[in-house]
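Use these hints to put chain B onto chain A, whose structure you have.
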Amino acid sequence: MILTEDQLQGLLDRSLAELPRATEWAVALEGSIAEGFGNPSSDIDFLLIGRSEDDLPTMPSLLFVDGRRVEIRTRSVRQLTDQLRTLEDGAKRPGRLSEDLLNRCQRLLHSHPLRGHALVGEVKAMLPVERFRRIAADWWAHRARQSLRYAMALLCLGEADEAVDWSRAGLVQTVKSWAAGLGETYLEPKWLSLQLDRADRPEVRDRYWELEAAAPAPGDADAARGHLAACLAFAEELRLGEVPWRPERLTVERVAGVTTWQTGERIHVIRGRREVFALGDRAGAVWRSLVLGRPLPQVLAATADTGIVDPGPRLAAFLRYGLIRLVWKGGGTVTPSLPLAAPPGPVTPPPSTVQPLLSVRGAAVSGPDAIDLVPLPADRFSAATMALVWSNVVVENAVEDLTGALQRGQWRVAELTARRAVHAALRGLFSAYGVNPLPADSDLVRRIDLLPPATRVIRARAEALLRRTVDSAEHGDGLLTEVRACAALVRDAAGADAFPASFDSADTWRATLQLGYDWLRIGAYLDAELPIEEARDLLASNGAQPHQTARRAAA
Amino acid sequence: MAETMTVLVTGASGFVGAEVTARLTAAGHTVLALVHRNGDLVRNNGRRLTPGPGDLTRITGDINRPGLGLTHDVRHVVAAADRIVHCAAVTDFGLPEERYESINVAGTRHVLDLALACRTPLVHVSTAYVCGERDGRAREDELDVGQSPGNDYEKSKLTAETLVRKAASERLPVAVVRPSIVTGAARTGRVREFKTIYPVLKVLTKGLVRTVPGHYDAALDLVPVDRVADLVTEAALRFEAAEGLTLHAVGHELTLREFSDVLAEYPSFQVPRFVPPSAFSVSALSDRERPYYDRVISLYDTYFRRRIHFDDTQVAAFSEGPAPTGGRPYLRRLLDHCLRTGYLGGAARREPDATRTDGSTP
Numbered sequence: 001m002i003l004t005e006d007q008l009q010g011l012l013d014r015s016l017a018e019l020p021r022a023t024e025w026a027v028a029l030e031g032s033i034a035e036g037f038g039n040p041s042s043d044i045d046f047l048l049i050g051r052s053e054d055d056l057p058t059m060p061s062l063l064f065v066d067g068r069r070v071e072i073r074t075r076s077v078r079q080l081t082d083q084l085r086t087l088e089d090g091a092k093r094p095g096r097l098s099e100d101l102l103n104r105c106q107r108l109l110h111s112h113p114l115r116g117h118a119l120v121g122e123v124k125a126m127l128p129v130e131r132f133r134r135i136a137a138d139w140w141a142h143r144a145r146q147s148l149r150y151a152m153a154l155l156c157l158g159e160a161d162e163a164v165d166w167s168r169a170g171l172v173q174t175v176k177s178w179a180a181g182l183g184e185t186y187l188e189p190k191w192l193s194l195q196l197d198r199a200d201r202p203e204v205r206d207r208y209w210e211l212e213a214a215a216p217a218p219g220d221a222d223a224a225r226g227h228l229a230a231c232l233a234f235a236e237e238l239r240l241g242e243v244p245w246r247p248e249r250l251t252v253e254r255v256a257g258v259t260t261w262q263t264g265e266r267i268h269v270i271r272g273r274r275e276v277f278a279l280g281d282r283a284g285a286v287w288r289s290l291v292l293g294r295p296l297p298q299v300l301a302a303t304a305d306t307g308i309v310d311p312g313p314r315l316a317a318f319l320r321y322g323l324i325r326l327v328w329k330g331g332g333t334v335t336p337s338l339p340l341a342a343p344p345g346p347v348t349p350p351p352s353t354v355q356p357l358l359s360v361r362g363a364a365v366s367g368p369d370a371i372d373l374v375p376l377p378a379d380r381f382s383a384a385t386m387a388l389v390w391s392n393v394v395v396e397n398a399v400e401d402l403t404g405a406l407q408r409g410q411w412r413v414a415e416l417t418a419r420r421a422v423h424a425a426l427r428g429l430f431s432a433y434g435v436n437p438l439p440a441d442s443d444l445v446r447r448i449d450l451l452p453p454a455t456r457v458i459r460a461r462a463e464a465l466l467r468r469t470v471d472s473a474e475h476g477d478g479l480l481t482e483v484r485a486c487a488a489l490v491r492d493a494a495g496a497d498a499f500p501a502s503f504d505s506a507d508t509w510r511a512t513l514q515l516g517y518d519w520l521r522i523g524a525y526l527d528a529e530l531p532i533e534e535a536r537d538l539l540a541s542n543g544a545q546p547h548q549t550a551r552r553a554a555a
Numbered sequence: 001m002a003e004t005m006t007v008l009v010t011g012a013s014g015f016v017g018a019e020v021t022a023r024l025t026a027a028g029h030t031v032l033a034l035v036h037r038n039g040d041l042v043r044n045n046g047r048r049l050t051p052g053p054g055d056l057t058r059i060t061g062d063i064n065r066p067g068l069g070l071t072h073d074v075r076h077v078v079a080a081a082d083r084i085v086h087c088a089a090v091t092d093f094g095l096p097e098e099r100y101e102s103i104n105v106a107g108t109r110h111v112l113d114l115a116l117a118c119r120t121p122l123v124h125v126s127t128a129y130v131c132g133e134r135d136g137r138a139r140e141d142e143l144d145v146g147q148s149p150g151n152d153y154e155k156s157k158l159t160a161e162t163l164v165r166k167a168a169s170e171r172l173p174v175a176v177v178r179p180s181i182v183t184g185a186a187r188t189g190r191v192r193e194f195k196t197i198y199p200v201l202k203v204l205t206k207g208l209v210r211t212v213p214g215h216y217d218a219a220l221d222l223v224p225v226d227r228v229a230d231l232v233t234e235a236a237l238r239f240e241a242a243e244g245l246t247l248h249a250v251g252h253e254l255t256l257r258e259f260s261d262v263l264a265e266y267p268s269f270q271v272p273r274f275v276p277p278s279a280f281s282v283s284a285l286s287d288r289e290r291p292y293y294d295r296v297i298s299l300y301d302t303y304f305r306r307r308i309h310f311d312d313t314q315v316a317a318f319s320e321g322p323a324p325t326g327g328r329p330y331l332r333r334l335l336d337h338c339l340r341t342g343y344l345g346g347a348a349r350r351e352p353d354a355t356r357t358d359g360s361t362p
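Listed in order, the protein sequences are those of chains A and B.
Note that my numbering has the first sequence beginning at 1, numbered continuously upward.
Note that my numbering has the second sequence beginning at 1, numbered continuously upward.
Next comes chain B alone, as it looks inside the complex:
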């Protein structure tokens, strides 16, 4: 694709959005970066995003509001975009259901309204975990198969993706990218913010919760943020090839057994004891463990039950980028980065912070 484009990126200051924005401008395209608040766009390496050679125009908006809360003039500029990449979403767990509804579902609806108005091709960033709580192979061409979402986040993303598919049936050109659990950079393990799986790792490796319900053959899929950003960018830039596709941006499938094998390589880490969910009882946890279980682990324990494999046949056929390999070495890189930054380290010494409710840890 030789000519330059103008791309509206929602959630441009987010974990994936900032990286997509950087890639698009680096490829010479103009990015209209929709952000909720003022402030620098920060890349995953912690540095301020320096656009170029393509231009970057920051647009302050609110995807909770119809028309993304944009002024008439700005809406006019946005309407001229050649592509929309919809990255904006709330991914923290344990929030009130209305937050997911307003940002992930209503936000997607507002983006779709914008896209439908001008038939602007849309790349929608969903999640591989729209598959819900089930075992076996999750295919890219499946969406609603009667699955039961593992939490309100998954439910909201399933609803949002269903809206996107409906819009596609109304002749909106769309491509969907479904990342699994987005984690640090493939080569360095570096991560801008310690969210999603990271607080879980912190609580477990510190031994704050020693017994966790889960199956050792359950699998978590971790995908490097650069892999996701590459694929989203590729879908936007090679939209003709991506149109109509759903792409599993998945990376390193690691069973809980592999997880604990790798954790055991670190002398200072406690290795959690996974017990069959049927045999697990919260009341049997110690008084010290229970608050951490309630606040952090319980939000994620649905992932410790699923023996899921994400099929990525469509990505393999579409993407010109290399597929990730080596789950254990990648996990080590993530953990090593956490040690280098001091996010993970030695044994616990502090009591839980009672004010945190979003799954993050001190």
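Only chain A is shown next, with the shape it has when bound in the complex:
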């Protein structure tokens, strides 16, 4: 140790002098210095053990004694007993064993007694050191396998550089497992070089450093593959087991709560009922080619059959975003984590900035390979698109009503119907930009200030239209022309897809209705707000409108 017994006892005396003298403690030094590592700036970690049945605080006291940082933890014998028992109980599932628990137990078992040697010895005897070595070795081995399998998967997916990083993580974890089996159980990889020196197997140590130093050139898949193969061979030499180079043992599997919904040609993937990913055409084709339960190489081959070039990075992104998972046959879900880090979990990309955001056919995407995160929570995404579909229908319906009213000289009816058409068009415009819930109809014009400047031209036109009165056929015709022009402006601003003329023909009308059913279905899945009950009625009647039935039938 870098400190003598006398130095340690002196530090302890001075530290204890700063604590209330209530309990008779047994004391042990734990951590890097007790382990035989450390340097002049290393912390001094004292563990105070009391026979008390009470729960003692988990937070350590921090002291500064003789220029050194001293951490003092207190644990009762019962707490330590529970800790060791929990470790034993969880040892069969190393993937679920927390690093903190393992670390606490390791530090206790490798601690150096300073006071109350008998009690420290009694506590340490609760878990034989050989047993702990096995647990720690298994824990590292589990992590090593995850990292190496993940590296194998990334190589299949063409993500060579990322694969190298995970090969390297697996390498550290492999050698830590091996070292733990020899008694070098200290968790922190910082002291790995000293641990390997002490393990006294120079050939293993040297091979490890050689592999650790290997740096395949960025983008060089062959070099990355060679590096992983060497790491796997090294792992086999160290008897890690269960990581043969067999990517066919990796299968692509479902992630709970991830669902696929298609509207028109757009594929949306909803994660956990909260986030919506909109896929570009090529990304969508890759997604649709995914047959769950199949080996990864087979999935890649099937995707290639669809004509998509280089689908690997798309699949890797699906994996990264937690839309699919990989399972190692007989080894559970591949859950990689860097040494002493929690598994990273699904990544959430920055939200899409494409505008306008929505059309009746689905969310806009930034390109054919896009896996864009829609910048709306799933339920509002669904509510906004339903409102968009519905406003589309209402505009068309109102224009037809307006035409009918003008034919019969019903000027007041025509004025109100024109306003209805304008409001519906504006609701569609807002919905296309993802605004939901919508402002009140009376506030729609003012709230155009929420939208990008390009939409401002609509404001003046809409304001004027909402004030228009009709008292003659000539004014009526003008009004109709203006309403149509306003709807056309909205179409220009929101995009033709966002706002198609759904009544152009029976086919376009049916297509709009089918999209309506699709959005209702997604809305039902997400428990989203329906625009109005009337929308359901319209869809249920296949769009038959009382005053238009004859024309529709003729169409």
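Listed next, the in silico SDA-like pairs over lysine to any residue satisfying Cα-Cα at most 25 Å (straight line):
| hint | chain 1 | residue 1 | chain 2 | residue 2 |
| --- | --- | --- | --- | --- |
| 1 | B | K155 | B | H215 |
| 2 | A | K190 | A | R96 |
| 3 | A | K124 | A | D100 |
| 4 | A | K329 | B | R333 |
| 5 | B | K206 | A | D305 |
| 6 | A | K92 | A | G181 |
| 7 | A | K329 | A | E242 |
| 8 | B | K206 | A | G280 |
| 9 | A | K329 | B | T188 |
| 10 | B | K195 | B | S298 |
| 11 | B | K195 | B | E133 |
| 12 | A | K329 | B | R187 |
| 13 | A | K92 | A | R325 |
| 14 | B | K206 | B | D92 |
| 15 | A | K124 | A | S42 |
| 16 | A | K329 | B | H337 |
| 17 | A | K329 | B | P329 |
| 18 | B | K206 | A | A524 |
| 19 | A | K329 | A | V172 |
| 20 | A | K329 | B | N45 |
| 21 | B | K195 | A | G293 |
| 22 | B | K206 | A | P368 |
| 23 | B | K166 | B | S102 |
| 24 | A | K124 | A | E24 |
| 25 | B | K206 | A | R325 |
| 26 | A | K329 | B | R332 |
| 27 | B | K206 | A | T306 |
Treat the hints as calculated values from the structure; they're not laboratory data.
Same frame as chain A, but now just chain B:
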């Protein structure tokens, strides 16, 4: 029940019949397995049925014919049976009405004649869908309540069960088991043959038909084949307790909404769009969809309209087996099995096979 019995099982090579036969012989009973054709009895797991410790005697017969087409000697052997389990039936949809009449109705009549001759206790396998096209709760003690059968299959099973009830009134000891839609094994989803609901799943998940008439709150009841076989076997072996009862062998009630929610969990699957039947028009389907609709979906779309719940109070009181739970996980197991075997998979690439008329798909 300690002593061993001899049980005549009709349709012993069928989906349910083979499993019942396996269970009976496994319990030490002798099975007289009535089959239409020679060949191995194959269990749901695809393996040849290995009887034992009870004996298995294969009998070739034809339930279309009086006396099941058996020779005098064989009829003598059959007459000594302690129980008859009548599983034989045609369950494919879209067949000519005469097929249902001859196999399901006349076949049952011939089995009843045999049973009545010696008052042999009979377990008759019917279908829960004798309830016909209606909504609400279908009770086990209901039979003919003026319902309208959804298709010729249901009509034939209703007629057959009515014959069984009539025989019961003539003092034939009977028990009736009514399975819902019989599907793969509860734990593995494994299924011997992809019939009934499976072709529908294939057509829908491949996107061969995208728009289907139906209500999202309509419910389909799927029951694992092992659950049905367990219950039929239990009814045969504990006949004293089952006599006079009608037992709904039902399992996992899944609404169309739940169906489509689960289908949406599979990236390669298309999720059908269910539209209100009043708003559905076959002529609005694309030319590509229409043949699949006519040949497959139309045979089943009656099931997409029924908001039906099968009451199983009598099963709960009778059966010592556990009731199934977890409809969605079960559906996933069925779908996963279909993916593993390649029955379901990616998007459609083939045009319809014009020669198939029985609802099955390539």
